[in-house]
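**Student:** Protein chains in written order, with the numbering used here: chain A, 1 to 96; chain B, 1001 to 1458.
FYI, nobody ran anything at the bench for these hints, they're computed from the structure.
Here the structure is a predicted model, which means the values were calculated and not measured.
Be careful, since some hints might not be right.
Stated by the list, open to error - Have a look at the derived ranges for each label pair, beta carbon to beta carbon: (1) A:Glu19 <-> B:Leu1288: 51 to 59 Å; (2) A:Phe15 <-> B:Glu1457: 50 to 58 Å; (3) B:Asp1008 <-> A:Arg55: 19 to 27 Å; (4) A:Phe15 <-> B:Ser1286: 53 to 61 Å; (5) A:Arg55 <-> B:Gly1177: 16 to 24 Å; (6) B:Glu1364 <-> A:Phe4: 41 to 49 Å; (7) A:Leu58 <-> B:Leu1152: 28 to 36 Å; (8) A:Phe4 <-> B:Arg1390: 46 to 54 Å; (9) B:Leu1040 <-> A:Phe15: 32 to 40 Å; (10) B:Tyr1431 <-> A:Met11: 53 to 61 Å; (11) B:Val1165 <-> A:Met11: 28 to 36 Å; (12) B:His1315 <-> A:Phe4: 50 to 58 Å.
What the hints assert, rightly or not - Among the chain A residues that face chain B by a calculated CB cut under 8 Å, a handful are: (13) Phe10; (14) Ala14; (15) Tyr18; (16) Val24; (17) Leu32; (18) Ser34; (19) Ala47; (20) Met48; (21) Ala54; (22) Gly57; (23) Ile62.
As the list claims (entries may be wrong) - Covered stretches of chain B (in silico footprint by chain A; criterion: 3 or more residues with CB under 8 Å from a CB of chain A, positions within the stretch not fixed): (24) 1016–1024; (25) 1080–1087; (26) 1094–1103; (27) 1313–1326.
Think of the CB as a built atom: it goes at the ideal place given N, C-alpha and C, for glycine as much as any other residue.
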Amino acid sequence: MEGFVAIYIFMLAAFTGYEVIARVPVILHTPLMSGSNFVHGVVLVGAMVVLGEARTGLEQTIGFIAVLLGAANAAGGYVVTERMLAMFKSDKKAGK
Amino acid sequence: MSAKVLIDASYFIVAVLFILGLKAMASPVTARKGIVWAGLGMVLATVVTFLTPHMQNFGLIILAILIGGAAAWWSGKVVKMTDMPQMVAIYNGMGGGAAAAIAAVEFARGQIHSPVVATLATLGALIGAVSFTGSCVAYAKLQGLMKKAYRLPAQNAVNMILGVVTLIVGIMIIASGRPSVNLVITFFVLSLILGAIITTPIGGADMPVVISLFNAFTGLAVGFEGYVLGNPALIIAGIVVGAAGTLLTQLMAKAMNRPISNILFNPITGEAQGGQAVTGSMKELSALDAASMMRYAQKVIIIPGYGMAVAGAQHKVWEMTQLLESAGVDVRFAIHPVAGRMPGHMNVLLAEAGVPYDKILDLEEINADFAQTDVALVIGANDVVNPVARTDKSSPIYGMPILNADQAHNCIVIKRGQGAGYSGIENALFYSENTRMCYGSANGVVGEIISHIKSMEG
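With the rest of the complex left out, here is chain B:
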């Protein structure tokens, strides 16, 4: 009996630690403390669970924790910062899979007695399984294992039919009280297929929102299975994450001006559908000219994109920034909400290079300043500075908020080649009168600019 009191009291502390931890993570100053608190909560929860009365299979439990924990710990340690989003996706998928597996065991044991419990177990299993395969597909796409967006003919109809059939099987399970093994297996297979088939047509650019959505899904699934097990720690942590994840998903989708229903049912597939042809020509600029333009400017805004991160040029960019600042130039960074592969991803990458976060500004904070800026330097960003999002109603990205780099007196674009961006849409900014292109890898070009600036100081 006393073990039970100890466990319940500990779960209570765990819930408090999780909520305080998440709260602390919502501010840059306290964020590091937040993850440590949440981490302590997790350790406490895991340790006291071993005291659960009548537990068996201790060897199996410890073995599974060691294998799963060590593999994930190691993979999380070695992954590059640019690859973080897909790691979040895959860990999240595993959580969803775990929730679905819990439901599977409960079905196998025949321990589900009331219709409420059966409903939540079934819902949790569905959501968890969808999150599992969906996150795996998201991982494969971002990792480059799956290059194209596959789209079935009548994709939405297929999704719809599969979804409805899965729900019907789920209702049959709930209604039957003691569902047959075949029914349960059918249900899990359908749910797993559903998650994969929803995610495959979605393009890489929309993936962050989808990962966030699956994160919320896993939270809900964990909360529901927590009810099935009568475990308050799971309920609270799961539902808190479910609600927080839903809000986060909305914030991300809003930043991209892509309603979630559009992302799921009307994905940008790769080739630009519609959109007027862009006229004019691109004008090239040497690294030397770029260096002198910025060295003798008063205000420079740097717009980093995923291209910079992939090249690993953020350290060089920060070095260049410091040189310009010591020459009296006011340099700031403008981050589009979806720069990188997830909102805030670019901030993390710049922070890694040592850029203080107070130099990094959001779209709303900085967009009005472009008109008074001498040079806007675009490094490896494309769609987020494409003015057609403001002007061309037929463009697929019309209405997406963009950084107004085109309004700066001069715009320098560092770009690897002449191709179109991630979404495959031509960028009118590159053809604009006051835009100059520097072709080359971000690292190479910025390196040249740095040496030119240094020689000007001599």
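With the rest of the complex left out, here is chain A:
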């Protein structure tokens, strides 16, 4: 990837992350932390690429650990967030 394109992506992604969270009500802080924890579980994809290219035993071992940890991050993050958010309901129409 071209160096400057990557820097633009970094910058825009940082602003996006900031804006998305900026007006979140306190009641969603924990689910949102959990949700963003799930999103960085995409590290699994990087781990898969790395293990897919691994040649030596050492590379395979570390790559295997990376995929294992990444998969746990993604799967665990999803289940926990889903369980928390499943509980939100209101007896009136959406308050705020």
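Go by the hints and put chain B onto chain A.
**Tutor:** What follows is chain B alone, placed relative to chain A:
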């Protein structure tokens, strides 16, 4: 070639799904849709990655996904709602570990050619490794595996020296172009120790902010390793989470009135340092009197704390609320930003019991109403209602925003025993003139109150 186009297009869709998902999660109405979108994005990302040209070790990849995914899925399903924060911590730590491991493989392959790539790989490895061990320590503390806050003599100096040495080794790796195996191993070991040693002295009360900080760290580490691998999905998801997590950390720290630098370098260690002695005596109240006080009140505000959640009393509390409401009492819930173990944790626990979220109010929304409230009912909360945070400059919690339960006409405190709170600080509210104490487990006392209220209807 076409596989590459398909993969790139899919990663683009994945990035859109992640951002839309996070956006949706920022509102209670759409939050459930949000996690489903993000989940679809993750599945798509994982599936198309198998199409990457020249991939090998398919068996190993699938095996690792199955083991890691299934173990985490199962543990996430069975964990109790009160234990959620430490689960978030441990999953987050694993993400950090994965990012560090990616960097390790890239170093082992000797595939890092430019200084920019080397710098980001090294930074990502450092941050990821710190997040990994730090989150593991946070997990151990919240899970009760590690009870005390260990503090080395001259802790800050030790942290500082270790941090500087780690950075120097990191710079040596970047400068050398092709770093030796020993150098890389040294770097990883130092980074892992650093994460653990920073986190061990931090007390449980500050842990939510630390977990959130490590969450942001992992995001950054993932973004940096994404650059190393030339993978835009990792860059975007990682940096978005890094920025969002940093903001979330600031919001949490602000809610506790504890600057992040204070949490990391000047932790509350357990015994109250400073703070004036509290005078007066605690006055006891029976469940029957508590029941009649609330039954014949007009306005009641319930302040739930972690003690209620641990007792699992939220269902009983909601039952009591419904009884009071049908008797014409106006009942609301006041949530301190750090009630429970994380901001919003208490809302989740109340939601689990079926309390509609529009009855649950934040500190700023409700604090002015206490003066017109007949009864403030404190259940298993302590530090968040301690008026010394407003009055006693020498107290370690001075300046923390609190719920003004002491300003209600009457205050009833349900508490297991007479001990001090999580931070170990005496609570002046308990000794106040208009406060009455109901000793017992939250479940037991609220259960008694419910039966007394029922008998009054007869």
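**Student:** Can the hint on A:Ala47 be confirmed by a CB-to-CB distance to chain B that is less than 8 Å?
**Tutor:** With Cβ-Cβ at 5 Å, under 8 Å, it holds.
**Student:** Three or more residues of the segment 1094–1103 of chain B near chain A by CB distance under 8 Å?
**Tutor:** Per the Cβ count (7), the hint holds.
**Student:** Confirm or reject the claim that B:Asp1008 and A:Arg55 have a C-beta distance inside 19 to 27 Å.
**Tutor:** holds (25 Å)
**Student:** Honestly, do A:Glu19 and B:Leu1288 meet the 51 to 59 Å range at C-beta?
**Tutor:** holds (53 Å)
**Student:** Can you let me know if the beta-carbon spacing of B:Glu1364 and A:Phe4 is within 41 to 49 Å?
**Tutor:** holds (43 Å)
**Student:** Just to be careful: measuring from the Cβ of A:Ile62 to every Cβ in chain B, is the smallest value less than 8 Å?
**Tutor:** Constraint on A:Ile62 satisfied, holds at 5 Å.
**Student:** Given a hint of 32 to 40 Å, does the C-beta separation of B:Leu1040 and A:Phe15 actually sit inside it?
**Tutor:** Since the Cβ atoms of B:Leu1040 and A:Phe15 sit about 24 Å apart, the hinted range of 32 to 40 Å is violated.
**Student:** Hold the hint about A:Leu32 up to the distance rule: shortest CB distance to chain B must be less than 8 Å.
**Tutor:** Holds: closest Cβ of chain B sits about 5 Å from A:Leu32, inside 8 Å.
**Student:** Measuring from beta carbon to beta carbon, are A:Arg55 and B:Gly1177 in 16 to 24 Å?
**Tutor:** holds (21 Å)
**Student:** That 53 to 61 Å hint for A:Phe15 and B:Ser1286 (C-beta), does it hold up?
**Tutor:** Holds: the Cβ-Cβ distance is about 58 Å, inside 53 to 61 Å.
**Student:** Quick check on a hinted range of 50 to 58 Å for A:Phe15 and B:Glu1457, using CB atoms only.
**Tutor:** holds (57 Å)
**Student:** Against chain B, run the beta carbon of A:Val24 and see if the smallest gap drops under 8 Å.
**Tutor:** holds (4 Å)
Against the hints set out earlier in the document, violations occur for numbers 9, 22, 27.
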